[in-house]
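Participant: Construct all of the structure, not just a fragment, from the sequences and the given hints.
Letter by letter, the sequence shown follows residues -21 to -1, 1 to 131 in mature numbering (1 follows the signal peptide of the UniProt record, and there is no 0).
Keep in mind the hints are simulated off the structure, nothing from the lab. Since the model is a prediction, treat every value here as computed from it, not as a measurement. A couple of the hints might just be wrong.
With a straight-line cut-off of 25 Å between C-alpha atoms, the simulated SDA-like cross-links for lysine to any residue are [as the list claims (entries may be wrong)]: (1) K131 - K14; (2) K14 - I126; (3) K30 - R68; (4) K53 - R109; (5) K119 - A93; (6) K125 - N75; (7) K125 - N48; (8) K131 - G98; (9) K131 - V56; (10) K53 - E121.
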Amino acid sequence: MKKIINIAMLLVLLVSASSCLKSGLDDLPTYDEAKITNIYFEYRWYDDAAKQLRVQTLTLAKTIDEENNTVTCKITVPGTNAVFTEQIRNEVSLSNIVCYIDMSTAARLKPLNAAPTLGEVQDFSAKDFRYLITAANGDKREWTIKIQDFIK
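Facilitator: Here you go:
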């Protein structure tokens, strides 16, 4: 009886472990783009009264040149409002803002030559930064982000 149960369990295991996939299926495409498709800048601060992190998106005029792998930005600090007061606005500078980008699907980004890390509060006062973007298939492109102007 024990032998029959063991054989039955083995058969169930073999059937459940088999694959339903057929051989010869088309391969999924490997993404080969290593592009910056959009860029954003923002200022973040902690609001003690509300006990929460606040974010103010900075106005941005940008040019993305895919041929030369450059992104040129003109950043403008927006006017004040009830939350983004004059006192907070006066603290905004290139040395304490956050930059983040949209890039090609499945690509990876690496800062070069001590460029600021994207997505964190960093110092962008040097105004010229290089990043390496690696596509999913391994293709690489060096991009330069240039801050042409900072208007307050």
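Participant: Determine for every hint whether it applies to the structure shown.
Facilitator: Verification of the hints:
1. K131 - K14: Violated, because 30 Å separates the two Cα atoms, which is more than 25 Å.
2. K14 - I126: Roughly 18 Å between the alpha carbons, so the hint for K14 and I126 holds.
3. K30 - R68: holds (19 Å)
4. K53 - R109: Given pair K53, R109 holds - Cα atoms ~17 Å apart, limit 25 Å.
5. K119 - A93: holds (18 Å)
6. K125 - N75: holds (16 Å)
7. K125 - N48: holds (11 Å)
8. K131 - G98: Given pair K131, G98 holds - Cα atoms ~22 Å apart, limit 25 Å.
9. K131 - V56: holds (5 Å)
10. K53 - E121: holds (21 Å)
Hint violations for this structure: number 1 only, all remaining hints satisfied.
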